[in-house]
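Full structure from sequences and hints, please.
Top line first, the protein sequences correspond to chains A and B. Residue numbers for the first sequence follow the UniProt record's numbering, beginning at 1 and rising by one. Residue numbers for the second sequence follow the UniProt record's numbering, beginning at 1 and rising by one.
Be a bit skeptical, because a hint or two may be false.
[Claimed, not checked] What follows is a list of derived Cβ distance ranges for each label pair: (1) B/Val170 x A/Val23: 31 to 37 Å; (2) B/Val10 x A/Thr73: 29 to 35 Å; (3) A/Arg87 x B/Val4: 48 to 54 Å; (4) A/Arg87 x B/Gly128: 51 to 57 Å; (5) B/Val59 x A/Gly58: 18 to 24 Å; (6) B/Pro137 x A/Tyr88: 50 to 56 Å; (7) B/Val56 x A/Tyr88: 35 to 41 Å; (8) B/Phe13 x A/Tyr88: 37 to 43 Å; (9) B/Met1 x A/Arg87: 54 to 60 Å; (10) A/Gly58 x B/Gly17: 30 to 36 Å; (11) B/Leu123 x A/Leu99: 47 to 53 Å; (12) A/Tyr88 x B/Ala173: 20 to 26 Å; (13) B/Ala121 x A/Gly58: 15 to 21 Å; (14) A/Thr73 x B/Arg153: 22 to 28 Å.
[As the list claims (entries may be wrong)] Among chain A residues calculated to face chain B with C-beta under 10 Å, some are: (15) Gly18; (16) Ala28; (17) Gln30; (18) Ala41; (19) Leu46; (20) Gly58; (21) Asn97.
Hints are computed from structural coordinates only; laboratory data are not their basis. These numbers come from a predicted model, not from an experiment. C-beta atoms are modelled at their ideal positions from N, C-alpha and C, and glycine is treated no differently.
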Amino acid sequence: MITLQHFMLVSAMLFCIGLFIIVSKKNAIQILIGIELMLNAAILNLVAFGRYDRINNGGQMFALFAIVLAAATTAVALAIILNVYRRYKTIDADKINRLKD
Amino acid sequence: MSLVQVMFYVMSFVVLGSALLVAISKNLVRSIFMFFITLFGLAELYVLAVADFVAVTQVVIYVGGILVLILFAFMLSGKEALAVIEQQKNRFISLHNLPAFILAALFLVVMVNVILKADVAALPWVKGAKDAGNMIPVNESGINNIGINLMTRYLLPFEAISILLMVALVGAAHLSRKEGNE
Numbered sequence: 001m002i003t004l005q006h007f008m009l010v011s012a013m014l015f016c017i018g019l020f021i022i023v024s025k026k027n028a029i030q031i032l033i034g035i036e037l038m039l040n041a042a043i044l045n046l047v048a049f050g051r052y053d054r055i056n057n058g059g060q061m062f063a064l065f066a067i068v069l070a071a072a073t074t075a076v077a078l079a080i081i082l083n084v085y086r087r088y089k090t091i092d093a094d095k096i097n098r099l100k101d
Numbered sequence: 001m002s003l004v005q006v007m008f009y010v011m012s013f014v015v016l017g018s019a020l021l022v023a024i025s026k027n028l029v030r031s032i033f034m035f036f037i038t039l040f041g042l043a044e045l046y047v048l049a050v051a052d053f054v055a056v057t058q059v060v061i062y063v064g065g066i067l068v069l070i071l072f073a074f075m076l077s078g079k080e081a082l083a084v085i086e087q088q089k090n091r092f093i094s095l096h097n098l099p100a101f102i103l104a105a106l107f108l109v110v111m112v113n114v115i116l117k118a119d120v121a122a123l124p125w126v127k128g129a130k131d132a133g134n135m136i137p138v139n140e141s142g143i144n145n146i147g148i149n150l151m152t153r154y155l156l157p158f159e160a161i162s163i164l165l166m167v168a169l170v171g172a173a174h175l176s177r178k179e180g181n182e
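The following block contains the structure:
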């Protein structure tokens, strides 16, 4: 029997790896990957707790909503990254320090 | 130790290992494909938490959608993206990454402490669900129930998210259009 604690520990570690990626990387795409990892850690917790709600399915339902929201976020973020690349010719997050005009 | 437990440990090892490889690999393409493995392993963990529909959705949306989007963005942003990564010599714990490493490690210590002290298995509602048989059994597919709930109890969030998806789609198309011809 896998307890809730196991799932929570795995998700905590995944969250911290995502945090490390976000803080240490410079490339905007890698930062996005870190954000996705943190989102997935949260979804893992939702799913693990959702097992104890058979009638209303609260956890699984909001895990589904979170996955769809992550897809929408990624689409917009990648459009922004493409725009930034077109303007600055780089996606290094440290070098993007100017406004439009 | 049952087979399920062995599977859980193997899959969580795969997930955490590939996530670590995403963090330390120098090559952006390799880290994207390692992220692919992480997402698949997470889908497996969802199956072990008896959430089969969420696992399938994870594979379809994350692996099929988001990963392809990320690859597209990587390919459209050209050689520059690779050059930046080759420059930074990241040996995981170099002096450059030290603050990030310390931050993540301290955060992990805090979170593990909280989880170990919280004792979530003794929460009243979790215990109540266990006693009342409100736990999803292993041999039952919850997909019917999810469908019914989606159309009755969670109808408002469902509609809200559909509108939000449309807005995000229009916004993404608007953001990524060509500059000149408007």
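Status of the hints after comparison with the structure:
Checking the proposed 31 to 37 Å range against B/Val170 and A/Val23 shows it holds: the Cβ atoms sit about 32 Å from each other. For B/Val10 and A/Thr73, the Cβ-Cβ distance of about 31 Å falls inside the hinted range of 29 to 35 Å, so the restraint holds. Checked against the given bound of 48 to 54 Å, the beta carbons of A/Arg87 and B/Val4, roughly 51 Å apart, stay inside it. Take A/Arg87 and B/Gly128: their Cβ atoms lie about 56 Å apart, and the range 51 to 57 Å holds.
Checked against the given bound of 18 to 24 Å, the beta carbons of B/Val59 and A/Gly58, roughly 22 Å apart, stay inside it. The hinted range of 50 to 56 Å is satisfied by B/Pro137 and A/Tyr88, whose Cβ atoms lie roughly 54 Å apart. For the pair B/Val56 and A/Tyr88, the supplied restraint of 35 to 41 Å holds, since their beta-carbon distance comes to about 39 Å. A beta carbon spacing of about 40 Å between B/Phe13 and A/Tyr88 agrees with the range 37 to 43 Å that was offered as a hint.
A C-beta distance of roughly 55 Å is found between B/Met1 and A/Arg87, which places it inside the suggested range of 54 to 60 Å. A beta carbon spacing of about 31 Å between A/Gly58 and B/Gly17 agrees with the range 30 to 36 Å that was offered as a hint. For the hinted restraint 47 to 53 Å between B/Leu123 and A/Leu99, the CB-CB distance of approximately 49 Å keeps it satisfied. The supplied range of 20 to 26 Å is met by A/Tyr88 and B/Ala173, whose beta-carbon atoms lie about 22 Å from each other.
Between B/Ala121 and A/Gly58 the beta carbon distance is about 18 Å. The supplied range of 15 to 21 Å therefore holds. Our hint of 22 to 28 Å for A/Thr73 and B/Arg153 holds, since their Cβ atoms are close to 25 Å apart. Given the 10 Å rule on beta carbons, the hint for A/Gly18 holds: about 8 Å separates it from the nearest Cβ of chain B. Interface hint at A/Ala28: satisfied, since its Cβ lies 9 Å from the closest Cβ of chain B, which is below the 10 Å cut-off.
Against a cut-off of 10 Å between C-beta atoms, the interface hint on A/Gln30 holds, since the closest Cβ of chain B lies about 7 Å away. Interface restraint check: A/Ala41 against chain B, minimum CB-CB distance 9 Å, threshold 10 Å, status holds. The interface hint given for A/Leu46 is met, as the beta carbon of that residue sits about 9 Å from the closest beta carbon of chain B, less than 10 Å. With a least beta-carbon distance of about 9 Å to chain B, the hint placing A/Gly58 at the interface is held under the 10 Å criterion.
Residue-level restraint check for A/Asn97 is violated (minimum Cβ-Cβ distance to chain B is 15 Å; threshold 10 Å).
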